[in-house]
Structures are given as C-alpha cells and as structure tokens.
Amino acid sequence: MTQPLLKIENLRTYFYARSKQSFVRAVDGVSLQVGHRETVGVVGESGSGKSIAAMSVMGLISAGPGVIGGSIHFTGSRVQKNLLEGLDKFVKIKEENARVMEVIKDESGWQKASKRLMRDLRGREIAMIFQNPHASLNPYVTVGEQITESVRLHTTHKSDKESRERAIYWLDQVKIDSPRLRFNSYPSSMSGGMCQRAMIAMALSSEPSLLIADEPTTGLDATIQSKIVDLMEELKSETGISTLLISHDISVISRLADRVAVMYGGAVVEYGPAQLVLDMGATIKHPYTAALLASVPSAQKIRDKANLQAIEGDVLDTINVPSGCRFYARCNQVTAEIREKCASHHPELQEVAPGHQMRCWRFGS
Amino acid sequence: MKKYSQTTAEIGDFSKLPLLQKYALADLLYVAYGLLIVALVLVSYILGMFDLLPHDPQQINMGLLMAPPASGGYLLGTDFMGRDILSRLIVGIQAYFLPGLLAISISLTGGVVLGILSGYWGGKLETVITYFTNLVDSFPRLVLILLVIAAFKPDIYYIMVVMGITGVPTVATAIANKIRFLAQKSFIEAALALGLHARVIIFKHILWYNCRALLIIQATLGMGEAILLETSLSYLGFGVQEPVPSWGNMVQSGANYFLQGNFWPSTAPALAILFTILGFNLLGDGLNNILEDRRGR
Amino acid sequence: MIASPLRVITYNLIKELGLAILLLLGVSFVVFVILYAAPGDQFSVLLEGQLPTEEARAGIREALGVAQSWYGQYFSWLLGVLSGNFGTSVRTGLPVAGELFNVSLNTLYLTLGSMLVTLFVAVPIALYSSVRGHSVAISWPLTMLGYVVSALPVFWLGYIAIYISIHNFNFFPLASVSQTSAENGWLYTLVPVLVLGLGSGTISEVIRSLREEMSRVMAEDYVRTARAKGASVWRHAFKEGLLLPVTEIIASKIPFILGGAVIVEQVFGWPGMGRMAWQAAQDRDFPVIMGIVLVAAAFVRLGSLIQRIVCATVNRRGQRD
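Residue numbers (my numbering), protein chains in the order written: chain C, 1 to 365; chain B, 1 to 297; chain Z, 1 to 321.
Incorrect hints may appear among the rest.
Quick partial rundown of chain C residues pointing at chain Z, CB under 10 Å, derived from the structure [what the hints assert, rightly or not]:
| id | residue |
| --- | --- |
| 1 | 55 |
| 2 | 60 |
| 3 | 62 |
| 4 | 126 |
| 5 | 132 |
| 6 | 136 |
| 7 | 138 |
| 8 | 146 |
| 9 | 150 |
| 10 | 231 |
| 11 | 235 |
It should be emphasised that the hints constitute simulated quantities derived from the structure, not laboratory data. A virtual CB, placed ideally from N, CA and C, is assigned to each residue, including glycine.
Only chain C is shown next, with the shape it has when bound in the complex (with noise of 0.2 Å):
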C-alpha cells in the first residue's frame, strides 16, 4: 500500500495566554492523512482549531509556543520528508497527569531548522491559500505581478515571456474574466471571489501536489462562495491535486470532500468516507457530528417547520480543558454505563470500520 501523500500524527500545537498563565491547547493530538488524488475535509466549530492544524502543516505558527510535538509525513513524487523531523530536540515539554504544565522551546533554533525542512515544499509542493482573499494579496503589486513570482520561484519557466504568459494561463483557468487585464489589476479593484480566483491561480501555478485550503469559502457572498466550489470542483478532476480543505460551512465540504475530518476542542473525534460521517441517517455516528448535521438548517427542516437545533451549551475553552471526554458537557447521548468513563477519562480515536475512525466511549473501548 502506498503512502499517503500527507500523514500528521499526533500534532500538538499549544499557544501560551500570558493574562491567564495558561496554555491554550488549540491543537491537542491531531492525527489525519490525506491521499493522492484525493481531498479531505476538516469540519468544526470556530475554536476547533482546524485552522491552526493546517497552519503548523505549512509552518506558519509563530506564536509561542507553536507546535511542539507530533509528526507530519509528507510523501511526494519528488520529495518525502517528516516537516517536522529533529525539531522536538528544540523542546522539552513537562507533564503532570498527563497534561503538559511546562515548555521550554528554543523559538529561533525551531523557527531555522523548521524553514530549512520547508524550503523546498512551501509553494512548491504544498501550496496554501487562505480566508479573506482581499488581505491576503499584496495590495501594493498587481495580481499578475504576485503569480508570476509563484511561477518564476517555483518552476522552469522563469523568463518573464513565460512567467508572465504561464500567469494568464493559470488565470483563465480558474475562470477569471479578460484574464490579461486582471493580470496588471491591482487587488483593490478586484471583488472577493475574484480575488479568490486569483489566489487559487496562484497557488496552482506551481503545480503543487497538495494543496491546503482554509476556508476558501467564508467571507464570500453566498452565489460566489457556490462558484468558488464549483472551480474546485472542475480543478479537482483537472488536476487531479490532493486538497485538506478546512471549513465550518458542511454543504462545501459534502460537495467537494472524499473523506471527513470532524474537529472538536482541538482533536479529531471521527474520520472516515464523506458518505458515511456525513450521512445523517448513519447508526455508528459521532454525537458532535450528529449534533451538527442537524443544526444545520436546510429546505427540507424549512418545509416542516422545524426549529433551529442548535448544540447546547458553550465552545470548548481550550484553556480550561476537562480531564474526560471534551464533548461531555454538551453530549446529548451520554448513557448511564459510560457515563463515569465519560467523565474522567478522554478517549482515543479508535477504528469502527475499516477506514472510519470514532473517539468516543459509546462505540469501541
């Protein structure tokens, strides 16, 4: 069997609150992988900490003390490398019952030895884009401009003829309008979607083999955020690119994922096909996951006048975790047998089924 192209095991990323003196565990213990060819969706609350994971994948957490443990497999055509290979070296880490109560990190030596392992996967083998298009382009150079240092840092084509025409290429192709105007536009003059079209351009333009999206989609107008997946629709199967596609939003996700991640309190509580961790009707199902397909409002709960369900109770505070199982307090399908074990001990992500991952104590032990 192959590798996956991408394989994080156990990633923990913490953040430090100094008006609290507490560690704030946005990732606790993350393990995914994505395949080739293939995309899987993250799905969680705001807080879930989805966006931190895809972040400590590309490097991107400077915060102390970041990502402090764990390891990311990736498994490329032309290169294989654990991203985060020799770095626990640059931390000690003390735990007591085990939670973690100290860090000690050298911040500089990780941050070096961390951009020498990506220099030669960011942009080019893994390409990030992000939420918020408008802010996250350079208002200060045109849109072309931005691709074709994508193109010109990352493949062959690296004279500005064919930079510069490999840049409209890759602009026609996510379906932008009068692609060499928008090439010399600047990106106050562009719309949200627009600006998003050009970014995807832009991370494609390298041909990476994965691609990360954090919630490409949010912040949209609702008909352009339905263009937008519809693009990565139609680049999936052109590409044939592998994606982790993070999102709150489940109706992108269901559209666009061949396998779900769902994301709560900063682990992952099930893992499996989309079709089966999706499927509301499903019998071996998550309580959070079941709580959330049915919050989620549709025509059909319109149709029977049905109210809103919303999941009882608050976000988890990452700072303040319980010892049990995060979901506990607002479980809706707690049973007097596991109930004690519910509450005092977290459970671990076990198998159901082949490929479908569950952590909690109703299913497995």
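Got chain C; can you put chains B and Z on it based on the hints?
Below, chains B and Z without anything else, positioned relative to chain C:
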C-alpha cells in the same frame, strides 16, 4: 529559549496577578523612574522657591574652583567660579518649571478643543483644522521662537506661549484619532442612540473615560519638550542671564573649560538635563504602554 | 477604467503641490502677522531700510501708502518676498536674500547628512528587533540607548565630540567651511553631521515607530501568504513596513532637525541658517530672521511634499491611505 509554564490546572485571574506579571517589567521601571524624576523636580522647585538651598548659588569661592563632587561640603562640587553646583542646579529648575506648565496647559487646552471639533464633528471643520495643524507644524519651533524674540521681547513667557501653541497639533491629532477610533467601534453611535446628550458624550465618555490617559501622557511628553526647548534657548543665550543659573546657560559658560579638560561644570547641568528629560519621556512612554495598549488587548 | 500609472502620479503630484503652496501661503501670512504686530514698526524698517535719507524714506512711505489696509500691505510684502526681496539686514545693510541662499545650502548639507546618520543607526536596530520578534533581552538595551541618546542635550554632545576629535584625533572640527574645499576637507564636516544625526532626538522615534510598523506588517495576511508560497517576505513587507514609515517619520521630523541644526551650528560655528538666525535674534535683525523662517518652512513643506509623493507612487490603487 523561552519558558512557558502553567502553575496550576486552574486558570489564573488577570486582575489578581501581581503587578510584575501583569505588565512588562520595562514599562514599570520606566514609570517608576519617571515618577522619581517628577518628584525630584517638584521638590527642587519648592526648595528653590523658598531659597532652601545648601549654599548661595551666586556665592563665589575662589579657594575651591571646579571641585569634584563631595568635596568640602559641596555635594556636587563647584563650577569655574567656585559656586555650588547643586544649588545652581536647583535654582535652574525655576527657569523652566512654571513656563513649562504654562506651555503644556496651552497645548492641552488648545489640543482638546481642536481635537474634539475635528474628531467629533468632522467634515469641513476637520479639513480646516487639519490645515491649521499642518500649518503650525511647518515651523521649526526654535526658529519660530527666534523670530518672536526678534520681533518682541525675549521674555520666557512669550516664548512658552509660542511653545504651547506649537504643541497644539500633536495633542489635537492624538485626540482626533482617538475619537475616530471610538467612532469606528460604533461607540459614539451607540451612545447617541441611547439618547445621551452630545456634551455628556464628549466630556464624560470621550474625554474622561477614554482620553485621560492620553492627556496625561501628552502632558509628560510636552513637559519634556518644554525643558529641552528652554535649556536650548538659555544655552543660546536667550533666557535667564548669567549670573542667574539655568541649566542651559550653565553648560554654555562651562564650555571653554570643558574643552580644556575640566568637564564637570558643563557636564553636571548636562546630566541634569539628560536625566530629567529622560524621566519625562520614559514616564510618558511607560504610561502609554501600560494604559493605552492594555485597553487594546 | 484603470488609469495609466503616469496619469495617477501626475495628478497626485499636482494635488500635493497645490496643498504645499496653500500651506506656504499660510506660513507667509503668519509671518506677516508677527511682522505687523511687532512693536517698533518693523514693517517700515523692512521696506525702507534700503534708502539712506529720511526724505527718501518718507517719500516711499507716501508712495506705498502705509495708510493702506493691512491686506494691501500683505500683498505688496508677499509680492516682494516672491520676487526675492527679503529686505536688508539691519546689521549688515546687505540684502538678505543673497546671504540667505548661501547659508541655507550649508544647513541643507548638515540636515540631509544628519538624516542619513539617523537612518543608518536607527533602521538596522528597528528591523533587527522587529524581525526577531519580541526578544526583549536583545532589543531592550538598544531601545534604552536610543532613549538616552534622544534625551542628551545636543550641545553637550557637540562638546564631547569636539573634545574627542581634538584630543584623540588631532582634528579641529571648527575649521571654517572654506577649509572644507581642501582635500579631506569634508571630514571636518562629518563631526557636526554626526552630532546632529545622533543628538537630534529623532533616533528613538524612528526606532520606535519603524519597529511598530514593521511588526504590524509582518503580521499582515498578505505577508503570511508570501511566507506560504515560499517567497521573500522582505520583498513584500518592506514597502509598507520600511519605506512608507521611514519617509513619513523623517518628513515629520524635519522641523525638529532644523531646530537642532540651530544649536549644532552654534556649537561648531557652522555658517548655516541656524547660526544666522541666532545672530539675527540677538540683533533684533528682523528681515534676516523672517527670511530664515520662510526658508525653513519651505524646507519642511518640501520634505512633506516628497514624502507624500513617495506615498502616492507606492500606493498605486492601494486602498490604504
């Protein structure tokens, strides 16, 4: 190497944290030092006002010229005419203290008025006021003051009035920006929607709650600048005249001796200037970091 | 639709020029008001100073009609100024404009040189401490040094510099400008430039605001994108993080630097505008000091103009101000 530790499994309460963990050590030190300087200046001013000096600042002692500090009862030594440097330094404060206060009062008052007019009502008023602030900013202060000296009398109070007026733009812009910032946060809209009178909004909510830190900071920085200006002017010979001491003219008269290797008569007042201005600047900056940035967090 | 860049630049240039002229008019008006309000009928001294006899002066007074309204006088004065007539010095009896031209070049040299020194020192410190993140341990002593240097009275710094150059380098930096035409003459000019550059108090402000801006820009989304695509972060960040803040801060500090120049010129005997101003204030030589104020304000506005043009050029179509 950075160390992060969580001392307990419980979350800490910010307001109960000891000072040192709440604010950066550097800022606390700045403020402490600044307050010390302000206290020293105040005390010295009062001492000077009531003539409570260790020695007569004008009294010449030919026997002990240019003595180093702590010699023969002269705590900071004597200058090239045997006069006690400490007493002269204390008296020197008279030269800038009240005028400086005058200058910053003018700056603050003018600045608040213009800042509010410009920030709160905006529109054409804002354009006009911006024009005025740019206009005032076009003049180098020292040069303008020399102009005023040439035209009128070289009276320190005239000069400080000019100083005060030229300080208005800084304060006005700071206040106007603050108001714009609050407006952006819909703070003012909300207050209006709640039916609060414009006067109440301006005086209570904007000025007192939100701007008082800013005003204190501008006052300390303004005082620092006033001191710099007064000492520069008296160095140039346009302030208090010899033998009455002012820090600026003390440096000037000791200049030749300095170049001959007798550093102290010029250096003592220069250090006084340095530490005092430093004190006011650090106080302003430290307060700024503690009071203003904290709010932003 | 999308205007050509050249058109945008020229439009901005004209707009800024107009603003500058408007401000200079305001400056002239302020100066005139001071002139008018000054006791001792300075105005007449200005106009009549060139004529030797009392009758001639009375004649001019009549001809000009001092009974004219104040705005009439303002305009005739303004016209005079614009045509280069700054009056004659009360002290020397020579026309002000000529002398002023020479000395202002000297001051320009001093000012520009000191700006370079300031930037040379402040920019690396600011960039280093912002790029390294908030490693307080390293940047704090430097910031502190910046504060101390800014609070130093620049005249005292000047004496220290003179003392050092005399006794350690056998170098007498008070040599007159005519000596600077000799070989290595320009070295003499270095000392006052250095002193003004270090002592004008601009260094700590440049460090502080540059560090703030650069840190802010480093955290911007578009810089994150640059990092994500493996591009040079510096290339993307420097426009907004270095170029714009530096020009802005320097332009705003020009009045301050000119003030420092007055003092430095005094310490070193540098034959510039500042020393001339000092002399004029001593002698109550109004025409001279008036001319200096006008030229100084013109410098300030020129600096501001240049900064705004740089801003407009870089900002092409950028939505930020």
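Results of checking the hints against the structure:
1. 55: 8 Å, holds
2. 60: It holds, given that the least Cβ distance between residue 60 (chain C) and chain Z is near 6 Å, below 10 Å.
3. 62: Constraint on residue 62 (chain C) satisfied, holds at 7 Å.
4. 126: 9 Å, holds
5. 132: 6 Å, holds
6. 136: OK, holds: residue 136 (chain C) within 10 Å of chain Z, min 5 Å.
7. 138: 4 Å, holds
8. 146: Status holds, d = 8 Å.
9. 150: It holds, given that the least Cβ distance between residue 150 (chain C) and chain Z is near 5 Å, below 10 Å.
10. 231: Where the cut-off is 10 Å and the nearest Cβ of chain Z is about 19 Å from residue 231 (chain C), the hint is violated.
11. 235: At 17 Å from the nearest chain Z Cβ, residue 235 (chain C) fails the 10 Å test, so the hint is violated.
In terms of the numbered hints stated before, the structure departs from hints 10 and 11, listed from lowest to highest.
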